[in-house]
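Asker: So you can see what is in the structure, the chains are spelled out below.
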Amino acid sequence: AQSVTQLGSHVSVSEGALVLLRCNYSSSVPPYLFWYVQYPNQGLQLLLKYTTGATLVKGINGFEAEFKKSETSFHLTKPSAHMSDAAEYFCAVTRAGNNRKLIWGLGTSLAVNP
Amino acid sequence: DTEVTQTPKHLVMGMTNKKSLKCEQHMGHRAMYWYKQKAKKPPELMFVYSYEKLSINESVPSRFSPECPNSSLLNLHLHALQPEDSALYLCASSQQGAKDTEAFFGQGTRLTVV
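Residue numbers (the working numbering), protein chains in the order written: chain F, 8 to 121; chain B, 47 to 160.
In short, the hints are calculated from the structure, not lab data.
From a predicted model like this one, the values you see are computed outputs, not experimental measurements.
Where a beta carbon is used, it is the ideal one built from N, C-alpha and C, also for glycine.
Here are the simulated distance ranges between beta carbons:
1. F:SER16 / B:ARG109: 23 to 33 Å
2. B:VAL160 / F:ALA61: 43 to 53 Å
3. F:GLY60 / B:THR62: 46 to 56 Å
4. F:SER116 / B:MET73: 28 to 38 Å
5. F:TYR46 / B:PRO129: 23 to 33 Å
6. F:SER87 / B:SER111: 39 to 49 Å
7. F:GLN49 / B:SER118: 17 to 27 Å
8. B:SER108 / F:ASN120: 44 to 54 Å
One chain only, chain F, in its complex shape:
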């Protein structure tokens, strides 16, 4: 069975500081991995995804994530936080051929302090 663990339900950083949101997954088959962001009172927006190929994935708004199979991780990073990055971030996993059903992490709430 697949599962996703997001370490840290709340992360707080200063504006301009590095953002690191952690995601670990378990999957018996090669996973497809996603990071979604949800701003207050909004739907979910895809930040980036990993399916196959290059393990360092670049997304929107300056975010990137690296797929590390040996560590079963897909951590999300951004070199310099902006106030507008404050939001809820969800990591999700599915397997090839089953894109209909995403397994979600519990989410990490990111606060950015001035």
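Fit chain B to the supplied structure of chain F, relying on the hints for placement.
Answerer: Coordinates of chain B only, in the frame set by chain F:
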């Protein structure tokens, strides 16, 4: 056009009311989804439609009734809801059959049952 449009944005209904949520996409996606999301929680899958046919029902109570009139539209009919059904209801769509596609989400309908 990469939008999934949901109406209404907000809905307040009594426990004896009948109402419907609507979702529309024009991306040619043949998979469409309904999710329920409580505050600060990940979305919970309710229903999946594939080529206008219901393919997944996650044991959702019958007071929620989905409908897919055509490939662009998805409805969720609500009847005799309970206060605990208050939540953000999200519609999403994705390509069907593609190996690595992501889901595109609407902005959601904030439902309050009184």
